[in-house]
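Novice: Chain residues, written in single-letter form:
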Amino acid sequence: MTRLVPRSAKILAIAAVFSLVVAACSNASNSTSAGSQTEGVTSSEIDVGGIAAATGPLANQYSPIFGAVQAYFDMVNAEGGVDGRKLKYVAQLDDQSLPSLDVSQARALVEQDHVFAIVGVATPIFAAGTYLGQTGVPTFGWNVNPEWSDGPNLFGEKGSYLNFTGASPYLPYLAKRLGLSKIGTIAYTVQQSAQCATGASNSFAKFGGQMVLKDTSLPFGFTDISGDVTKLKDSGAQMVTTCMDPTGNTTLSKGLQEAGLFNKIVQYWPNGYDQATLNQYAPLMEGAYFGTAAGNVPYEHGYTKGMDQYLDTMAAHNLTIGDVTLAGWINADLFVNGLRKLGHNVTRQGLIDAINKMTDYTANGILSGINWTVQHNHLNTIDCNAYIQVQHGRFVSVFGQGRNPFVCFQAPVASTTNPVPFPGNPATFFNSTAPPPPSAPPVPPGT
Amino acid sequence: MTNFLQFSIQGIPYGCVFALIAIGLVLIYKTSGVFNLAFGAQAYVSAALFYITVEQLHWSKLAGFALSVLVAGPVIGLILDQGIFRHMVGSSITVKLVASIGLLIGIPPIVQFFWPGNHQAPPSLTPGVGPGRTPPVYHFGSFHVDRSELMIMVVTVLVVLAVGALFRYTSIGLKMRAVVESPRMVELSGINAQRVSTFAWILSSLLAALAGVLLAPGQSSLNDPNNFTYLLVAAMAAAAFGGLYSLPLTLLGGVLLGMTQQGLTSFLPLNSVFSVEFRPSYPFIVLVLLLLFWPPVRKRTKQVVDPLAGCDPPVRGLASAIQGQTMRRLNRTSNPIMLTAFVLVGLFALPSQWINVFSLGATVSVIFLSITVLTGMSGQVSLCQLSFAGLGAFTAGQLAQHFNVPFIWGMLAGGVIGAAAGALVAIPALRLDGLYLSLATLAFAVMADNILFPLSWIGNGENGVSIPRPQIGPINFGSDRAYFVLSLIVLGICSGVVILVRRGTVGRFLAALRGSEVAAATIGINPVRSKFIVFALSAGLAGIGGAMYGANTIPPSPTTAINFFYLYSLIFVVLVLQTGSRTVEGAINAGVSFALITYIFGSVLQGRWGQLPAFLFGFGILGYVKHPEGILEFQKARSLRVISGFIDRRILRKPPEQIEQEAERPDLGDPDAVPLLQSSAAGSGSPSATSVPRPVQGGDT
Numbered sequence: 002m003t004r005l006v007p008r009s010a011k012i013l014a015i016a017a018v019f020s021l022v023v024a025a026c027s028n029a030s031n032s033t034s035a036g037s038q039t040e041g042v043t044s045s046e047i048d049v050g051g052i053a054a055a056t057g058p059l060a061n062q063y064s065p066i067f068g069a070v071q072a073y074f075d076m077v078n079a080e081g082g083v084d085g086r087k088l089k090y091v092a093q094l095d096d097q098s099l100p101s102l103d104v105s106q107a108r109a110l111v112e113q114d115h116v117f118a119i120v121g122v123a124t125p126i127f128a129a130g131t132y133l134g135q136t137g138v139p140t141f142g143w144n145v146n147p148e149w150s151d152g153p154n155l156f157g158e159k160g161s162y163l164n165f166t167g168a169s170p171y172l173p174y175l176a177k178r179l180g181l182s183k184i185g186t187i188a189y190t191v192q193q194s195a196q197c198a199t200g201a202s203n204s205f206a207k208f209g210g211q212m213v214l215k216d217t218s219l220p221f222g223f224t225d226i227s228g229d230v231t232k233l234k235d236s237g238a239q240m241v242t243t244c245m246d247p248t249g250n251t252t253l254s255k256g257l258q259e260a261g262l263f264n265k266i267v268q269y270w271p272n273g274y275d276q277a278t279l280n281q282y283a284p285l286m287e288g289a290y291f292g293t294a295a296g297n298v299p300y301e302h303g304y305t306k307g308m309d310q311y312l313d314t315m316a317a318h319n320l321t322i323g324d325v326t327l328a329g330w331i332n333a334d335l336f337v338n339g340l341r342k343l344g345h346n347v348t349r350q351g352l353i354d355a356i357n358k359m360t361d362y363t364a365n366g367i368l369s370g371i372n373w374t375v376q377h378n379h380l381n382t383i384d385c386n387a388y389i390q391v392q393h394g395r396f397v398s399v400f401g402q403g404r405n406p407f408v409c410f411q412a413p414v415a416s417t418t419n420p421v422p423f424p425g426n427p428a429t430f431f432n433s434t435a436p437p438p439p440s441a442p443p444v445p446p447g448t
Numbered sequence: 014m015t016n017f018l019q020f021s022i023q024g025i026p027y028g029c030v031f032a033l034i035a036i037g038l039v040l041i042y043k044t045s046g047v048f049n050l051a052f053g054a055q056a057y058v059s060a061a062l063f064y065i066t067v068e069q070l071h072w073s074k075l076a077g078f079a080l081s082v083l084v085a086g087p088v089i090g091l092i093l094d095q096g097i098f099r100h101m102v103g104s105s106i107t108v109k110l111v112a113s114i115g116l117l118i119g120i121p122p123i124v125q126f127f128w129p130g131n132h133q134a135p136p137s138l139t140p141g142v143g144p145g146r147t148p149p150v151y152h153f154g155s156f157h158v159d160r161s162e163l164m165i166m167v168v169t170v171l172v173v174l175a176v177g178a179l180f181r182y183t184s185i186g187l188k189m190r191a192v193v194e195s196p197r198m199v200e201l202s203g204i205n206a207q208r209v210s211t212f213a214w215i216l217s218s219l220l221a222a223l224a225g226v227l228l229a230p231g232q233s234s235l236n237d238p239n240n241f242t243y244l245l246v247a248a249m250a251a252a253a254f255g256g257l258y259s260l261p262l263t264l265l266g267g268v269l270l271g272m273t274q275q276g277l278t279s280f281l282p283l284n285s286v287f288s289v290e291f292r293p294s295y296p297f298i299v300l301v302l303l304l305l306f307w308p309p310v311r312k313r314t315k316q317v318v319d320p321l322a323g324c325d326p327p328v329r330g331l332a333s334a335i336q337g338q339t340m341r342r343l344n345r346t347s348n349p350i351m352l353t354a355f356v357l358v359g360l361f362a363l364p365s366q367w368i369n370v371f372s373l374g375a376t377v378s379v380i381f382l383s384i385t386v387l388t389g390m391s392g393q394v395s396l397c398q399l400s401f402a403g404l405g406a407f408t409a410g411q412l413a414q415h416f417n418v419p420f421i422w423g424m425l426a427g428g429v430i431g432a433a434a435g436a437l438v439a440i441p442a443l444r445l446d447g448l449y450l451s452l453a454t455l456a457f458a459v460m461a462d463n464i465l466f467p468l469s470w471i472g473n474g475e476n477g478v479s480i481p482r483p484q485i486g487p488i489n490f491g492s493d494r495a496y497f498v499l500s501l502i503v504l505g506i507c508s509g510v511v512i513l514v515r516r517g518t519v520g521r522f523l524a525a526l527r528g529s530e531v532a533a534a535t536i537g538i539n540p541v542r543s544k545f546i547v548f549a550l551s552a553g554l555a556g557i558g559g560a561m562y563g564a565n566t567i568p569p570s571p572t573t574a575i576n577f578f579y580l581y582s583l584i585f586v587v588l589v590l591q592t593g594s595r596t597v598e599g600a601i602n603a604g605v606s607f608a609l610i611t612y613i614f615g616s617v618l619q620g621r622w623g624q625l626p627a628f629l630f631g632f633g634i635l636g637y638v639k640h641p642e643g644i645l646e647f648q649k650a651r652s653l654r655v656i657s658g659f660i661d662r663r664i665l666r667k668p669p670e671q672i673e674q675e676a677e678r679p680d681l682g683d684p685d686a687v688p689l690l691q692s693s694a695a696g697s698g699s700p701s702a703t704s705v706p707r708p709v710q711g712g713d714t
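For the protein sequence lines, the chains are S and U, in the order given. Final position of the first sequence in the working numbering is 448; the numbers increase by one with none missing. Final position of the second sequence in the working numbering is 714; the numbers increase by one with none missing.
Don't read these hints as lab results, they were simulated from the structure. The reader is advised that the hints may include incorrect statements.
Claimed, not checked - A few chain U residues that don't get close to chain S, going by computed Cβ distances all over 12 angstroms:
#1 SER73
#2 ALA76
#3 VAL167
#4 ASP446
#5 ILE488
#6 ILE512
#7 THR535
#8 ILE567
#9 VAL617
As the list claims (entries may be wrong) - If you anchor each label on the Cβ, the simulated ranges turn out as follows:
#10 S:LYS177 x U:ALA175: 34 to 40 angstroms
#11 U:PRO487 x S:HIS379: 55 to 61 angstroms
#12 U:ALA76 x S:VAL421: 54 to 60 angstroms
Ideal Cβ placement from N, Cα and C applies to all residues, glycine included.
Kindly produce the complete structure, drawing on both the sequences and the hints.
Specialist: Pasting the structure below:
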């Protein structure tokens with residue numbers, strides 16, 4: 002049979018239509034919808050959800066946030082709730098440490114479970130940050146991801162701004178106090194870890210200290226660190242600051258021990274300041290320094306009532322004490338404090354506005370103070386942290402003054418490592434009636 | 014040089030870790046013919062059991078070791094042999110590889126389902142080492158080693174000696190080697206091949222359990238079973254050094270790998286691309302080089318063929334080949350109606366969240382079509398299809414971010430980049446075949462994860478790349494519903510391309526090559542050219558699918574490299590093979606099933622149910638073992654027979670002779686109806702494949 006239309010003409014026609022379609026292309030603008038301002042709020046309860054990496058490589062570091070949020074809600078509900086409304090933790094979703102699942106779980110909470118707010122977000126990659134930032138759903142979580150700066154409705158436990166690579170006097174101050182000048186830093190290839198190492202090298206470059214080794218080539222997971230140990234030895238490093246998890250740090254510590262350097266090189270670990278890690282690795286942590294990651298008082302009774310309450314509640318609920326549960330606790334506290342400012346007329350935007358007016362939020366004395374008018378995109382004007390050292394198998398606060406464990410620096414751009422006074426009133430901030438918490442001068446290595 | 018040696022020597026204990034795993038791989042391969050990628054999953058089970066018994070039940074280490082290694086190891090081996098691999102006698106090595114991938118995916122979720130929560134690494138098996146107690150260190154000049162590392166080194170050497178002696182001096186060792194070559198020939202000699210095979214699995218599983226308990230304390234936690242698999246993939250280089258055969262060479266390969274990897278630290282400039290990206294990828298680069306150029310491997314790239322393989326029955330034909338004319342007419346009418354109904358329901362009745370799930374299904378289906386093209390048409394199994402998809406996605410995202418290129422152009426560019434990458438991989442990979450090709454592509458996938466995707470101008474590391482949805486003229490595809498329609502359009506176009514290619518010259522050439530490369534060459538078919546084209550086409554489709562898949566994540570939330578993690582490539586291959594790798598509808602069914610199952614278990618049921626999809630995807634391979642044509646095809650054929658029979662006999666009341674005649678006539682317009690000339694859907698493409706008599710029909714050319 003004769004073809005009515007030649008094949009070449011058909012192909013040309015298809016190509017022409019396709020070209021027209023392609024020529025008319027551009028990229029779509031984004032639009033998201035999160036329901037009404039009072040979604041998830043009834044006369045008797047407020048529905049809240051959470052997202053954490055409950056499974057996956059780093060699950061043990063993230064999923065405990067749910068328990069801390071629930072414990073705080075239980076405490077508030079036992080006292081009658083917030084303005085008569087009980088806080089109900091309706092969904093605690095697992096993003097399996099996957100960014101794509103993080104987004105779809107956030108959507109499930111907002112569009113399927115219709116929660117009012119998301120309280121307790123802890124995940125290695127907060128891919129849903131941009132989506133949640135656009136929806137305007139109040140979201141509270143553990144700020145270990147840059148995405149927390151993506152909207153005025155996103156609230157991290159230590160403010161929402163992170164600057165991994167910026168120069169800070171925090172580590173150079175430690176080196177100066179210990180009289181150390183040759184520094185090494187070791188990190189994983191993981192981006193945030195590598196950025197942390199860059200931050201360390203920038204800090205020492207600005208505030209003094211010779212960076213004799215910077216290695217950001219270690220693969221996360223099963224790591225052989227003997228090459229770095231040899232390089233630390235060859236370079237004459239006196240101090241090593243790491244940007245790794247406790248497993249990587251203990252591997253380094255073991256390597257230093259094997260090479261006979263354990264008592265010669267001071268270690269600073271960015272995490273591992275928790276009793277469970279100490280119980281397991283005490284000999285490898287002896288003499289190592291830590292910081293209080295959220296700018297909080299140390300995990301000891303006697304500093305402030307807020308910290309005492311956190312420690313007691315965690316113990317009562319058999320939850321671990323550490324950065325992630327503290328983040329969950331602070332998240333829940335900020336959420337409840339914001340709700341209480343609203344009275345009975347609870348709306349999402351009202352809650353966001355109420356929190357963003359707070360200029361000195363301390364979580365009842367746990368934090369040195371967050372200024373929510375600026376801390377979505379900047380550091381506070383004064384940045385305070387406590388320094389901790391493992392001495393004789395226990396965590397001890399060093400460099401503090403009396404009950405005040407903090408060492409504070411000018412921020413966001415400091416010019417020296419000289420500390421500045423604590424911005425609050427120590428007499429009212431710290432709990433003067435309790436027995437004093439443990440503190441001691443730093444113990445030099447090898448003693 | 015002294016510096017290099019000083020660094021290298023410290024790599025010996027780490028090299029022994031590679032060697033121990035590689036020996037396990039070689040042992041299983043030598044004794045069962047299975048390149049057991051599930052070795053890491055088996056090791057994980059025993060490590061978890063050791064943790065439970067010692068840390069949670071407070072048993073002694075010896076008792077924990079007895080249960081987790083001496084009991085659980087052999088029991089798992091017995092189950093794998095009796096439940097799966099015994100039924101795969103005569104299957105090609107590639108088919109067995111796919112079965113082991115299924116187990117790799119399916120086993121860990123069982124542990125995580127029944128043992129939820131977070132778990133640290135188990136205590137060291139080494140005496141005198143435990144929580145709060147570090148191992149003593151022994152110094153030998155400048156070389157130092159702690160007691161745990163020393164134990165791994167000693168165990169590795171002992172295993173090599175013991176297994177070597179077993180093969181060399183015992184009759185069971187000889188029988189094990191013979192059974193791999195041809196179980197049927199061995200049985201003709203009066204040996205119980207099944208019993209020998211069972212012994213081999215028990216032995217190798219014992220070694221997997223031992224490796225798990227020995228190596229787990231060095232890991233960050235037991236939350237991620239992939240740590241074992243990553244080690245296993247790295248250890249493949251050591252196994253390849255031994256030609257997947259020689260145990261002493263494998264031991265040497267492992268030690269050399271550890272030493273050279275550590276030695277690189279001495280002269281690679283720190284924080285340079287060489288140090289940051291090259292060093293972690295070193296084992297995988299070595300693997301590819303060994304596969305391509307190492308004589309012991311090159312000698313074995315032509316797979317051992319069972320002399321009695323020709324006795325195997327042919328694989329079943331496709332369902333479309335057996336449907337009667339009535340059924341065919343019914344399908345032609347009902348299918349468009351059902352599709353239209355589905356689209357309308359999707360557009361107007363489903364909530365936005367569910368629409369997004371179906372869009373995901375459609376976009377993943379496009380990636381799955383790339384597997385249909387490569388595996389279904391050419392019989393090659395690539396384990397890096399998702400890496401090509403990642404390249405496509407990041408191309409579209411980067412072009413949009415930096416040059417404001419519209420998504421549709423970016424998607425097409427993604428397809429071109431994917432195809433180019435596929436062609437680059439194909440050039441060396443086509444020197445290989447079957448198992449070795451699969452291993453080379455797996456190494457490429459890991460290298461893409463380690464080297465390519467962290468680069469800021471490709472995957473941008475953990476920050477990822479935001480991929481915008483398109484706007485075409487006045488139509489904004491930013492909403493979920495509109496994007497759903499676009500996904501269906503792209504899927505339809507890609508499906509059409511696949512069907513056209515299969516009906517065209519390339520498809521026919523590949524069908525001929527699957528039957529016999531030698532015979533095809535005699536009629537002028539160039540196998541390298543045809544395979545090269547299909548590899549590039551397949552990678553191009555994956556690139557387009559990757560761009561669509563990336564944009565399905567609601568922008569501006571970024572698409573990150575972990576979405577294209579190498580293990581997902583394995584899951585995707587297993588899924589497509591389960592549903593049916595030879596048909597477009599197999600890929601689409603696999604895509605939709607993937608999206609629905611992960612959403613229902615992960616977001617609707619929540620909690621520990623989120624572990625079940627991986628279990629289902631992994632153990633679905635049991636169906637594939639029984640029905641290599643794909644479960645979908647099998648079920649379709651069965652349903653067709655029942656429905657056609659009912660219609661013809663009860664409604665149309667046709668005489669039995671006419672029904673029989675019509676059922677045997679294939680649909681000549683559908684190339685799916687042409688049966689494969691291959692003994693298995695994912696076959697090795699080896700010349701031994703059994704020919705299936707083609708139905709003699711006019712016009713079937």
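Novice: Starting from the hint list further up, note which numbers the structure goes against and sort them upward.
Specialist: Those not satisfied are hints 5, 8, 9, 10, 11.
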